[in-house]
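2 protein chains.
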Amino acid sequence: MSIAIKNAELIGEEWKKDVLIEDGEIKSISQSEEGEKTIDAEGKYLSPGFFNTHTHAAMTLFRGVADDRDFWDAWPNIVWPLEENLTEEDVYWGTKLACLEMIKTGTVAFNDMYFSMESALDAVEEMGMKAVLSYGLIDQGDPEKLEQEKEATKRFVRYAEDSELVEAAVGPHSVYTVSEEGLQWSADFANKKNLLVHTHLAETKKERDDFKEEHEVSFTEYLDEFGLLNERTVVAHCVWLEAKDYELLSNQGAFVSHNPSSNMKLGVGKPMNYEAMKDQGVKVTLATDGCVSNNNLDMLEEAKTAALQQKMSGDATLLNASEVYEMLTEKGAEAMGIDSGRIEEGAPADLILIRKDVKAMPDHYPKSNLIYSMSGSSVTDVMIDGNMVMRDREVEDEKKIMKNADERAKDLVSRVK
Amino acid sequence: MSIAIKNAELIGEEWKKDVLIEDGEIKSISQSEEGEKTIDAEGKYLSPGFFNTHTHAAMTLFRGVADDRDFWDAWPNIVWPLEENLTEEDVYWGTKLACLEMIKTGTVAFNDMYFSMESALDAVEEMGMKAVLSYGLIDQGDPEKLEQEKEATKRFVRYAEDSELVEAAVGPHSVYTVSEEGLQWSADFANKKNLLVHTHLAETKKERDDFKEEHEVSFTEYLDEFGLLNERTVVAHCVWLEAKDYELLSNQGAFVSHNPSSNMKLGVGKPMNYEAMKDQGVKVTLATDGCVSNNNLDMLEEAKTAALQQKMSGDATLLNASEVYEMLTEKGAEAMGIDSGRIEEGAPADLILIRKDVKAMPDHYPKSNLIYSMSGSSVTDVMIDGNMVMRDREVEDEKKIMKNADERAKDLVSRVK
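Chains as they are written, first to last, in the numbering used here: chain A, 1284 to 1700; chain B, 1284 to 1700.
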């Protein structure tokens, strides 16, 4: 079925046009298009949907359980005990809740790392979202555990093979939770299967200090030794890096996933050095992280926080609205290996409509209003591969998803107490 | 008319009760109340509305015109030329737009400093909000200008005398824009008329450096010399203070208005030292500042930013959700001399209802969800002195206000170009 989006005002452009969607793609853009179905976008902006390059979707279940605590207090004492008790059913409903929230705030695709990823994949497909999903491989130096983790990774990769919306990736959790053998296997397996790699790096000062005690090389040199640093890798956080790391990230073409709210809330100690990355030409994308560290998945809120966080130390010109918008859209898509995030003929119809509400007035500069004033709640419609997953802020089954996820979450927390 | 709010779940409490509103006040709270009118709050939280202790409401007209620039670039080159061309009609519509946005995001009262305050007052009263309004007195050391500014201040104070919703305050703009004579007159006039004082202090490093060159005393010692530092004063920003300032702010009982988004966006160089203020017992409240520096008036967004900003430097326990919530409500009201901001019998009915939407699920900790996950768009109903100014997210005349403010803003910008 073809859909004509009429009177669409494109964020960042000075035109108002019609956009015709056919077979999941943007078929044509002109002054007048007609489709079998019509969506009147009068009073709304059209934008590519947003790409969240690092999250743990099912952690929506834990929203608010570990506020106002340091990472090294919150995770060992609260998060890990909860995760040990997670069931597949929990992950399914947590991922459904996350997808609902992401759709409601304009995100069309996300890069996820967690457990029970078969359940997560089922949830993502049902919600009609795009995702790159990776099983979080953690062996803690235990060869037996590594064998189990390799099996879990391989099992999920097979499970995802036929999915049209989901790509499997390899997810070695971090350099402090995965052995050298585990990192090497991850690199080799990703290479053999041509999969993306998703990992955490240099998030906290403790991680950096511990690493420095054990290794002569820098963080990125270490990853690179295993062949884990290339244009098929998304590295999350990257706060505690040094000068040569930015150069290596750039030379190898790896993507950085910046998580400003998470970094601030967990008190990691300083902002990620965006200026150094920009100077070196590192490809930086944006992400919310999971809902313990944020506590939501709203990419427009994250966009503002990213810009504000960089400016705080004294240079208000750093990370402007256009750069942030590019991270939200085209750069994010590129990091996830998805050829999308832009509005042009032939591109996938991964599109959103955004209401010009009170926070969008006056509309001197729509892109400024989007990044600095509005939040995800202004998004009214979300289309993924041409399918409407939200229409006039209504998503299928949303009440049921909220109720079931809430029940699972409370049951889980009560089991662990 | 009496209104019964049924099944209200109070933020931060474990009960669900009915609240009876009569004569603008909370008459009683119990398991079952009946009124002439009923509001079913099932599925919503009840909270005191929010108190924004520092803004320049009519600057909504300039939303987005000076992004990604340093304060000392944006203000002299963009903001001041626009302000020189502001008409009373502009201020009226800009203030209407600001009130609309504040109501839509749960704010019931605000502390404002700007020009053409008679027009601002008319706008505030029409919107049914509470406000403390001050004419921004700026003499730049010119005795003739000071006489005009004194007259403007006195005229506005007379204009506000009969208002039930608005209190006039005295607004010496800052120590760098007002002469010693101007500061002394402001203190004496406020004292004589028993008015609040609203001023800016220690916002940028340049302001601090310039001040240090001219004065032996500290910022707050200087204000105190004029009698401008007491429990009737709201001091905005307070970023570049030193140890003795925190002690003096505390001893004199002055209120600090913290503006984290504005401070970050304008690159003032570091976060306000909340920890030092807390240690000294300084009364800290929260504010959005105007829409050039933020760019919205959403106090829930500001709440999250405040907590995140403080935690970033390394202590994730600093400024927890309960402290921020107190700033939003009771502390903010106290700073503005309004006996409100809490839910108990006899308190003014300045109340909001907040929808438990996807960002509020699961609801392990409602207060955490409110501060760290939700934004102002989850507010559905706003009551001020018992009058419903928003019902089911509908505010009277909102389309007209948005249209007129947008037209005035574009006309103004085109006049100045």
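Derived from the structure by calculation, the hints contain no laboratory data.
Honestly, I wouldn't trust all of these hints.
[What the hints assert, rightly or not] In silico DSSO-like links for lysine-lysine, alpha-carbon gap of 30 Å or less:
id, chain 1, residue 1, chain 2, residue 2
1, B, LYS1700, A, LYS1682
2, B, LYS1527, B, LYS1428
3, A, LYS1700, B, LYS1299
4, B, LYS1488, A, LYS1686
5, A, LYS1553, B, LYS1495
6, A, LYS1300, B, LYS1683
7, A, LYS1682, B, LYS1289
8, B, LYS1428, A, LYS1639
9, B, LYS1650, B, LYS1566
10, A, LYS1299, B, LYS1476
Now the hints, each set against the structure:
Distance restraint check for B/LYS1700 and A/LYS1682: the Cα-Cα separation of roughly 50 Å exceeds the 30 Å cut-off, and the hinted pair is therefore not satisfied. Taking the CA atoms of B/LYS1527 and B/LYS1428, the gap is near 33 Å; set against the 30 Å cutoff, the hint is violated. In summary, the hint linking A/LYS1700 to B/LYS1299 is supported, as the alpha carbons are separated by about 25 Å, within the 30 Å threshold. At roughly 50 Å between alpha-carbon atoms, B/LYS1488 and A/LYS1686 are farther apart than 30 Å, so this suggested pair is violated.
With a CA separation close to 28 Å, the supplied pair A/LYS1553 and B/LYS1495 stays within the 30 Å bound. For the hint linking A/LYS1300 to B/LYS1683, the alpha-carbon distance of about 26 Å falls within 30 Å, and the restraint holds. Annotation: proposed proximity of A/LYS1682 to B/LYS1289 holds, straight-line Cα distance about 22 Å (limit 30 Å). Between the alpha carbons of B/LYS1428 and A/LYS1639 the distance comes to roughly 41 Å, so the proposed pair goes past 30 Å and is violated.
With a C-alpha separation of about 21 Å, the suggested pairing of B/LYS1650 with B/LYS1566 holds against the 30 Å cut-off. Of the pairs offered as hints, the one joining A/LYS1299 and B/LYS1476 is violated, with about 55 Å between alpha carbons and a cut-off of 30 Å exceeded.
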